[in-house]
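K.L.:
Please model the complete structure; the sequences and the hints are all you need to start from.
Residue numbers (mature numbering (1 follows the signal peptide of the UniProt record, and there is no 0)): -21 to -1, 1 to 337.
Calculated from the structure, these hints are not laboratory results.
Certain hints may be false.
Stated by the list, open to error - 25 angstroms max Cα-Cα, derived DSS-like pairs, lysine-lysine:
hint : residue 1 : residue 2
1    : Lys84     : Lys43
2    : Lys43     : Lys87
3    : Lys84     : Lys147
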Amino acid sequence: MNKTKLSLIVLAALTSGSAFAAHTFVNDNGDSLTIDGRFEARYQDNGGDTDPVWNSGSSRFGLKGVKQLDNGWQGFGHAEWGYNSGSNGSDIYDRLLYAGVEHDKYGKIAAGTKQWSTFYDVAWFTDMGRTYGTRGSNVYNLSDWGISSGTGRAANSLTYRNSLGDLKYGFTYQTTRNDVALAGDATATLKNGIGASVLYPVAPGVTVGAAYHQNEVTDLENVSASNMKNGDTARIGLVGLNYATDNYFLGLTYHVADSWEVAGNQEFFDSRGGELYTHYHFDNGFRATFNANYMTETDGRASGYERKTFTPGVEYHFTKNTFLLWAEYQFDEGTDKLSGSEFTNADDKFSAGIRYYF
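P.N.:
This is the structure in structure tokens:
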């Protein structure tokens, strides 16, 4: 979608006859349209001989609609676009697009070109860093960060979510995804993506969860895979825990995977790893953050590939979770940078920014 079309959508929403409150328009039937997103300006220093850069970070704009239907049903839709500027380039790209129906008893079903998968219902526990983190759970794998594989914003997907008392559960199915970029010039087709998740509150403020996803891999091209052939299955399992109060948050995740990730040497490999994210929000608006990520190959096919990062951070919230300044420094102790035929340690990194959620 180009900038002109996006501007027309925004203008149409802002000039509609519905009542406006907290970025949500509601008509007499209870149908609603919500505008949300965030603006961000980010400074990044990736270490080494590279020059620091400025960019738009994770700026985005979204529209969420809800339509009241008969017999307790609701229809809904969600579209979201990201905006790149500065060192990120200059373009608008689609992040989410899905629609579906929902009922208190029968659950929620959605179809979309990109939507958050049920795997992410657990993976988000530790996906809280402003720039860094989420490198130990393998949720953001392959070249497009978990879109084609289905563990992030799942492409070409159907999802179903419901609950049994306090137990929440969900399923994801993905149709065929062609010419998926793996690493370098390696590509494959992914078929029959299947995933599921369960979540349960075990104590006040404490939730545990488990998730699974798999794909059939075919049409392998330019892949240095000693153990992967057309028709094989890549799979990943994840368990997690989060604890949250008004001021404190803790998230933990741990994964085990079979041929889920592809290293820079274009080799599929088995892995295991975990993530930790925590923060404490002080009453004066300051927030101390910390995340740690660890992932290692477990079958020798990735020549010692290992991710190991530690990222302390500090934030100041003028308005909690709405308008804030933040900074993070990532210490890299792993061997995940391909240098010739070997993996070596990458440089430490620093980023800082200002973010406004609307």
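K.L.:
For every hint, state whether the structure bears it out.
P.N.:
How the hints compare with the structure:
| no. | hint | result |
| --- | --- | --- |
| 1 | Lys84 with Lys43 | 22 angstroms, holds |
| 2 | Lys43 with Lys87 | 15 angstroms, holds |
| 3 | Lys84 with Lys147 | 13 angstroms, holds |
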